[in-house]
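> Sequence:
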Amino acid sequence: MDDRTVIRPAIHDDLPFLANLLEELFAIEDDFVIDAQKQIRGLQLLLDVPNSTILVAHINDRIVGMVSMQQLISTAMGERVGLIEDMIVHSNFRGQGIGSMLLNSVITLSKQLGYGRLALGVDLRNTSAKSFYTQLGFQSSNMGLMYRLDNQ
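With my numbering as the guide, the letters of the sequence shown map in order to residues 2 to 153.
Do not take every clue at face value.
To be verified - Estimated spans, in silico, between C-beta atoms of each pair:
{"hint": "1", "residue 1": "ASN21", "residue 2": "LEU125", "range": "23 to 31 Å"}
{"hint": "2", "residue 1": "PRO17", "residue 2": "GLY79", "range": "36 to 44 Å"}
{"hint": "3", "residue 1": "GLY117", "residue 2": "ALA37", "range": "28 to 36 Å"}
{"hint": "4", "residue 1": "ASP62", "residue 2": "THR128", "range": "32 to 40 Å"}
{"hint": "5", "residue 1": "LEU137", "residue 2": "MET78", "range": "14 to 22 Å"}
{"hint": "6", "residue 1": "PRO10", "residue 2": "GLY117", "range": "18 to 26 Å"}
{"hint": "7", "residue 1": "SER101", "residue 2": "ILE29", "range": "14 to 22 Å"}
{"hint": "8", "residue 1": "SER53", "residue 2": "LYS131", "range": "22 to 30 Å"}
{"hint": "9", "residue 1": "LEU137", "residue 2": "SER53", "range": "17 to 25 Å"}
These aren't lab readings, by the way, just hints derived from the structure by calculation.
From a predicted model like this one, the values you see are computed outputs, not experimental measurements.
Positions of the beta carbon are idealized from the N, C-alpha and C atoms, including for glycine.
Put together the whole structure using the sequences plus the hints.
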């Protein structure tokens with residue numbers, strides 16, 4: 002890992018770079034369609050809505066990774082919980098500890114916010130991502146994600 006790696010909150014000027022990262026993420030996940038305008042709109046909402054955050058990994062004035070987290074309420078737990086929506090490190094920077102830095106930073110933030118649980122979705126075919134999340138303490142669940150698009 003480059004000792005110049007900085008984890009910081011995203012700002013509005015970062016949006017085009019973050020959309021590029023999401024393009025790389027969505028290219029490996031069949032469930033999502035790459036649409037830069039939609040991705041920028043979603044990122045904008047995350048930056049503007051309370052109780053959500055985007056953290057970026059920054060090296061030499063270049064954004065090389067990101068993770069986003071939103072607050073939800075869990076009736077099962079009776080408390081606030083966090084949901085990681087997007088986690089990506091640019092392919093040229095993987096294997097350098099940047100993903101661990103990002104995820105550990107969002108875990109720390111979720112603890113500071115008093116979240117009782119932190120959840121994320123993972124493409125079940127992405128065995129390296131599943132292994133990475135397991136190494137950082139995430140456990141598999143019997144609950145699966147299902148989607149319904151309102152425009153259908």
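> I want to verify a distance hint. Is the separation of the beta carbons of ASN21 and LEU125 within 23 to 31 Å?
The hinted range 23 to 31 Å holds for ASN21 and LEU125, with Cβ atoms some 25 Å apart.
> Holds or violated: 36 to 44 Å for the Cβ distance of PRO17 and GLY79?
holds, 40 Å
> Take a look at whether the Cβ-Cβ distance between SER53 and LYS131 falls inside 22 to 30 Å.
holds, 25 Å
> Can the suggested window of 14 to 22 Å be confirmed for the beta-carbon pair SER101 and ILE29?
The hint (14 to 22 Å, Cβ to Cβ) holds, given that SER101 and ILE29 are roughly 19 Å apart.
> Could you tell me whether the CB distance from GLY117 to ALA37 stays inside 28 to 36 Å?
holds, 35 Å
> Can you let me know if the beta-carbon spacing of LEU137 and MET78 is within 14 to 22 Å?
Taking Cβ atoms as reference, LEU137 and MET78 lie about 20 Å apart, which means the hint holds.
> Honestly, do LEU137 and SER53 meet the 17 to 25 Å range at C-beta?
holds, 21 Å
> Using the Cβ atoms, figure out if ASP62 sits within 32 to 40 Å of THR128.
Once the Cβ atoms are compared, 33 Å apart, the range 32 to 40 Å for THR128 and ASP62 holds.
> Mind checking the hinted window 18 to 26 Å against the Cβ distance between PRO10 and GLY117?
holds, 23 Å
In this structure, every one of the numbered hints holds.
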